[in-house]
Every structure is written in structure tokens, then in C-alpha cells.
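J.: Start from the sequences and build out the full structure, keeping to the hints where you can.
Listed here are the chains, written in short residue letters.
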Amino acid sequence: MTTFTPATADETLSTVQWAAAEDAPLEILGHGSKRGIGRPLQSEHTLDLSKLTGVTLYEPAELVLSARAGTPLAEIEQLLAQNGQQLAFEPMDYGPLLGAAPGKGTIGGVLAANLSGPRRLKAGAARDHILGISAVAGRGEAFKSGGRVVKNVTGYDLSKLMANSWGTLAVLSDVTFKVLPAAETEVTLAIRGLLDDAATAAMALALGSSAEVSSAAHLPERVAARVAGSTLGSDAATLLRVEGFGPSVAYRIAALKLLLGKAGPLQEIAGEASKTIWRDVRDCAPFADGTEKPVWRVSMAPSQAHQMVLTLRMQAGVSAFYDWQGGLIWLRMEAGDPEASLLRGLIRKHGGGHATLVRAALSHRAAVPVFEPQAPHLAALSARLKAEFDPKAILNPGRMAPGSGSATLNPTTEGAAP
Amino acid sequence: MSGLAMPKPDDATMRRRDEIVADMRIIVPGEGVVDAENSMRAFESDGLTAYRQLPLVVVLPETVAQVSRVLKYCNDRNIRVVPRGSGTSLSGGALPLEDAVLLVMSRFNRILEIDFPNRAVVAQPGVTNLGITTAVEQEGFYYAPDPSSQIACSIGGNVAENSGGVHCLKYGLTANNVLGIEMVLMNGEVVRLGGRHLDTEGYDLLGVMTGSEGLLGVVTEVTVRILKKPETARALLIGFPTSEQGGQCVADIIGAGIIPGGMEMMDRPAIHAAEDFVHAGYPLDVEALLIVELDGPGVEVDHLIGLVEAIAYRNGSTTCRISQSEQERLSFWAGRKAAFPAVGRISPDYYCMDGTIPRKELPRVLAGMRELSEKYGLGVANVFHAGDGNLHPLILYDANVPGELDKAESFGADILRLCVKVGGVLTGEHGVGVEKRDLMPEMFNQIDLDQQMRVKCAFDPNHLLNPGKVFPQLRRCAELGRMHVHRGQVAFPDIPRF
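Chains as they are written, first to last, in the UniProt record's numbering: chain A, 1 to 418; chain B, 1 to 498.
Derived by calculation from the structure, the hints in this document are not laboratory data.
The hints are all genuine.
List time: in silico BS3-like cross-link candidates among lysine-lysine, alpha-carbon distance up to 30 Å:
| no. | chain 1 | residue 1 | chain 2 | residue 2 |
| --- | --- | --- | --- | --- |
| 1 | A | K262 | B | K228 |
| 2 | B | K229 | A | K275 |
| 3 | A | K275 | B | K170 |
| 4 | A | K122 | B | K228 |
| 5 | A | K257 | B | K229 |
Small disclaimer: the values here were computed from a predicted structure and weren't measured.
T.: See below:
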């Protein structure tokens, strides 16, 4: 068991080349803040990128920032905040949910896990903000893709392909992100006491208005008490966030009040209190309970999600809350069984989507597909793609799908290895 | 064609043309197969009209099953296929090949579902970009990406090219507004990516498909996000004595935390051409003209107009008009939107380029362009998506003067080299196609290009789908797949610890 901690892109390349030559699988790690997500790995060696650090370019007026992959996200967010800017996709922090310290995680991990947050609705995820990468493919070759400008269609977008690849295609060495101005003001309008179906309708109404709502979440009764130090009380809270310049925010909040006045009692939450609520929604704080009870992250069409949850409740003990206008469902399985096939079957019945088992005991993660299983043609295509990047399956083998990336899937590599 | 090498036609395919045409008629009955030379002329080029080529046969399928059968038929028989939407590509992405079936998706022209609660529209790929907005505007919604060809270009083509438009700084490119697609692989397999939910499970194949220029698969259905129309929009028309001042004004607007709905710049030749053509009231004594459009609620727009006006004066603007009516706002845009035909009036032909640069490099690139203009003896006018650094130089030439097209192309290539040199890229929104194919090594080394081609190998291992586009040199997938592992040469024969 060896841990490699390269400090340069060249050392990263040498490590992967060595592993390819030795057929030695590597676990690819930043801070390890999301290490508990995915199928368990049995890699003998670890490639730890936490020493590959540093912001290499930051030009606020050009809306662009480049950093080495192991640079702490916290450091980047602090630098951006000093300049009134932010990563608009609001990357979540899995630490609290997975029983680890908050504030960890690297910028490379942000892309590899395609992180986002409540603003995903309006601003997209990491995949929507990545402009360019340098990386080492599992075949032991350093390549780059994209660039440092916000508008670029030159060649295939391999940068986006790194999003949600969980270190199974290539080891990122450098990333360039688009950055955006942080909002001057934010105010949250809470509608209290709604059931899930009424909340879904209210959120759709708000998002279908011109109030430019940047985030819409629904915390059912009791779940509401588990954010922002219980300041919300335990009545259900349907939360609508409005951000921008002061006069505009005031006007849009007023418009929302007019639109939703009949939906239920309204409450206005501004400034730090609003920020705290959304940080807790982002980080799934209601289920950050120090247990290993299975937690699912489900993405569906917003209008269908609460119906799926209603049906699920009849067959399993679940606690749930919603983000992304209802389309992101966080589910905690109260009885300890992930109920994967039940859940995934219901998702298919309700218009489709995908479920990721983001927290579960090791035994569950080994037995249950953590990532949504793909239809056969798509699974085969993904496996071919993996083999094109990592023909010897040395990068996080098996983390996303069992046996994915086996060199035998790719006839073009036969006989090529020494 | 000026020296563009396309893949050598396959003799076996050419000999079997009659048989292939007959088989296509079985797969796509009725009017869906066009093989008469006169009728195929309509398809011999796309928006890059300098290149023309008749295809082997034109096939216009109507169903996904037909698309799948055509592709499988061609895959099994080693026949090349070139997909085409509306044929508005400015980079030759839909240029036919002599030995290839031209698969035209224009009969896939229906909107399948409008889903207001989820703010999604499901459309067939041949629906025009504007057609989506038209279908939802009665409810106050629109589809945000607005390439200037939006009246004609298809949403399937937008996916292939990752199309942008003047609003993409604020609202994103096609890639940021597409939720899902259905596509057919070259082997005939039908694959769905995404849907009405956010993010795709597994690898972001949707992200790779968007902008893949028809080389990975044929899109048969597209689900897009629609947005509520902003309540109002107002524009400022700002003139500067130098392009440096205009560029600094753009930087300061963004530095103030303002992301305008649109921010366009024109240089002196473009301003004059546009003003002569549409009489928009543009100032003629400035070197750079900036249009800044703010959209959103009225109070927000009014607030930001004040901020932008102050920034403009701080940067030495000599004229600054603020639209007081919708009519006036549209008049500000009239000249910009007519810039291409306006340039067409002052020159027999023009060649439109599409590099992107870091914005701060604008003065340097404009100066470099002036030098190149003198060197080649050809004029150039510039329109510029200033917010995102996407530059559209229009090179003026006369195709009837022997050698001028070649000169214009060399001039254009030098401009793109300059863009890459200052940290930019070859194409911001028009695509590589055939036009910039041979310039790819300016931006990428062979390892970079090989890795892109390996992605192609996962989708289409025989290089049958749209070959000759994007990649300067096609390498066989078997060759690309080989791993060159030299155990003895690895820098760390013992387990290294850094």
C-alpha cells in the first residue's frame, strides 16, 4: 500500500505511467471528502492530489480562474469572495452528511463529482462552468481540452466529460472555471405549512414567473426544524430565493408575495439567515445525523417527484426533502435498508430520472449499485468510453459500475500491453 | 475547393450506388430519397458556400426507426453518412461527401410536448430554434440561445454545434440549456441521455454530444429548458474614441458585478457599413461602438442603466444614448443585426471568422488584424460579442478576382492563429467543421487530438459518421487504442513517493 502525493503535473503523469506499466490500480483522491461515495475500491495504491495545489490564474474582469486540481475549494471560494465573485453553481459540501469535517474538498473533486447546489436550477452545475482541463488519462498520457475563454466550441468537450466521472477516466491536474459576480443582496420568501403537492405547485408557479427565482426548496414538516439551528421552527417551509441588486430583489419579492399570497402564510428571511438556510439545504444538513442510515440523492422532473415519494412512503419508512423546484429529492431510509430496486422502479414509473446512494454502510455500497444502472446500449457505450481513456482499468476501477473499464471490453487494446 | 483534402471516396460504395439508392427507398419509402443530380444540388453546400459537393444520395427519414435502419445499413456495409439539419453551418459541418449518404433531418419538424410546470419543451431535431420560442411565447416563455440564424437553424443542429448567440454570456450556450436528447449511434442503437430532470447519470455524454459536430451520433429528439421572458429590456449605445476604452468599459461593467443580457462591440468599418445600410443613427466619429442591453424587471434595468452610463463616461465615451422606447432599443440593434449584409453591400464577398480571445487582448488583436489587413491587401470589419470575447472579423474579398478567396482564407487562418497565441481559441460558436479543421494543431498537440479521436472511437469505431470534419488527420481506432507502455523508461521503476 503506497500513497503517491505528486506536487506537479509531471509527477502525476509519472505515477499514472508507472501504474499503467505495473497494472497497479490507483485510488484517486483529493482530500477524500467524498471517499465514502461509490462502490468500495480495492486498489492497492493511492494517488493523493492534495499537494498539487495553487491558483495559477485569476482574472476577475475576464471571469476566469485556473487552479491545480488539488487546490482546496475553501481557498478558492475565499479568494473569489474577496473580489465579490463566486462559483455560481454553489458546490455542496458532502463532509457533514458523510460524518466528516466541513470545509474540505478540492477543486478537482468539485468537477469529478459534478457538484452543484440549490442554485443549480438557474446557474447549472460544475459541468456548466468548466472551461478547460489538463489531465492524465489512465493510458498514461497527459492531455488538455477546452481553454480559458467562456465561449469555445473547438473540438470535443472533454472537460465536461470529466464531470461526474469520479476519477475513473483521467486524473485531473489543472482545471479552469468560469466565475461570476456574487449577488449583492439575497432574500428568501418562505411559504409555511404546505403539503408536498401544494409546495410543488407553488414552486412551479414561482419558477414560471419572471421573478427570477434562483433556488426553490421544500422542507416538509419536522425536516424544517433541522436547518439553520431550528430557527425556522418545525412547520413545513417552501423556500424561494431571490438574488441580485437591492432594488430588483425588493421588487421581485413583492411580486412573489402577490403571486403566492393565497398559497399560505408568508415569511421573509434576509441576509445571513437566508444564507445559512441555503447552505444547510445545499449540504443536506437535515440528514447529517452522524448515522449510516442510507441517504439517496434523486433527480427527477420536478412535477413528478412528490408523487414518487408519496408512493414510496406507503412501502418504506422514509424522510424526504426537496430542492431544485422539487426535482432534487434527498431521501433518508429510516429502516436501514436502501430499498434500491423499489426506489428505482418507482422513479421509472414516474417519468424517469436517477438515484445515487450517497451515504450507506460499506456492505450496502458493495451490494447495491450506488450509481443509477444504465440501459444496456448506454452502459456499453460508457464502458467503451472508459476503455478508451483507461484501457487497463487502473483509475478507481469499479467505483461507478462493477467491472467497468475492463480492458477486455475494448478489442482495440488486445495484445497492446507488454 | 481551395486545397481542402477530404477522405478519398470509397470505390466499392461508388460502384454500388444504384443498389444503395434502391435499398434506401425500401427503408424510407415515398418522397424520402433524392438521387437526381438536379434535386441534390440544393444540398451540395451549407452556410460555408465556398465548398460544394454532391452527395451519393440524399435521404430524408421521418421516424427514429428509419434513422436507425439507415445507420445500421450503412455501418454494416462501410458506407459513410453525413448528417444535416437546416444546413446553416458556417464551418462546413454539413458539407456532403461524394461517397456518403446525406441524412437530412428536416422532416423531424414537430414539437412533441410543451411542459410548462417543468419548463421543458420536447422537440424533434428539425424544429427551428425560433420555432421553440414561437411555440411557447403565448405563455410568456422563450428558449434562450439565439444564434443569428435562429429563424432557419434547427435545434438538432444547435446541439451538434453547441450554438450560442448574443445572449449567451447571461443565459448560456446550447449545452447549458439542453436537458436531454435521444440519439442514434452509427451502429443503429438508440440511446437516451438525460430527460426532464437535471444532470445525467454516469458520464456526461450529453455534454460531449453537444458540440460534437455530427461525428458521434444523430440526434432524433431534444428536450430543452425554457425560461420566462424578462419583463423589460433596455439598451445603451455607447461610442468610444479608441477600442481600448471600449474594452476597458466592458471590463468595468463586469467588474461592477453586472452581467448584461447582451454586450456587442463594432469597430469603425463595421459601424460605417451598418450605418450606410440601415441608418440606425450610429455615431460615425468613433472607433468603437458598444451596445449594452440590460434585461429583467423594470426597476433592475433602470438601476443598472444608471450604473453602466456612469462607467461609460468614466471610460471616456464620447456618446451615450439610452433607449427610451422599445422602438429605439430595436433601432440600436438594427445596425448590429444587419452588420453581415451591410458588409456584403460594400464588398462582393466576405468571409466570417469566429475566434474567441481573452477580452483584455482586444486592442492587441485589433492592431494585429490591421497589420494583416495591409499585408494581404484585404479589408476587414469587426463585430464582437464583447462580453465573452467572441470575435467575428469579416474579411472583404472578391471571389471573381483570381486568388482572392485563397488570400482571404490565409488571412482568416492568420487571425485565428493570433487568437490562439493570445490565449484564445479557434472557434467560439461556429464550429470547426472543414473550415478550421487543419488549424486544430494550432491549439492541440497530437496527444490531445488523439484523445478526442478516441472518444469518437467509442461511438463510431469505423469513422463512418461525418468523416473529414473536425480532425485534420483521421487515425484508425485500432492504432489509437494501442498502449505504448515502456516499462524500462518509466521515470520511477521503484514505487515512487513524492
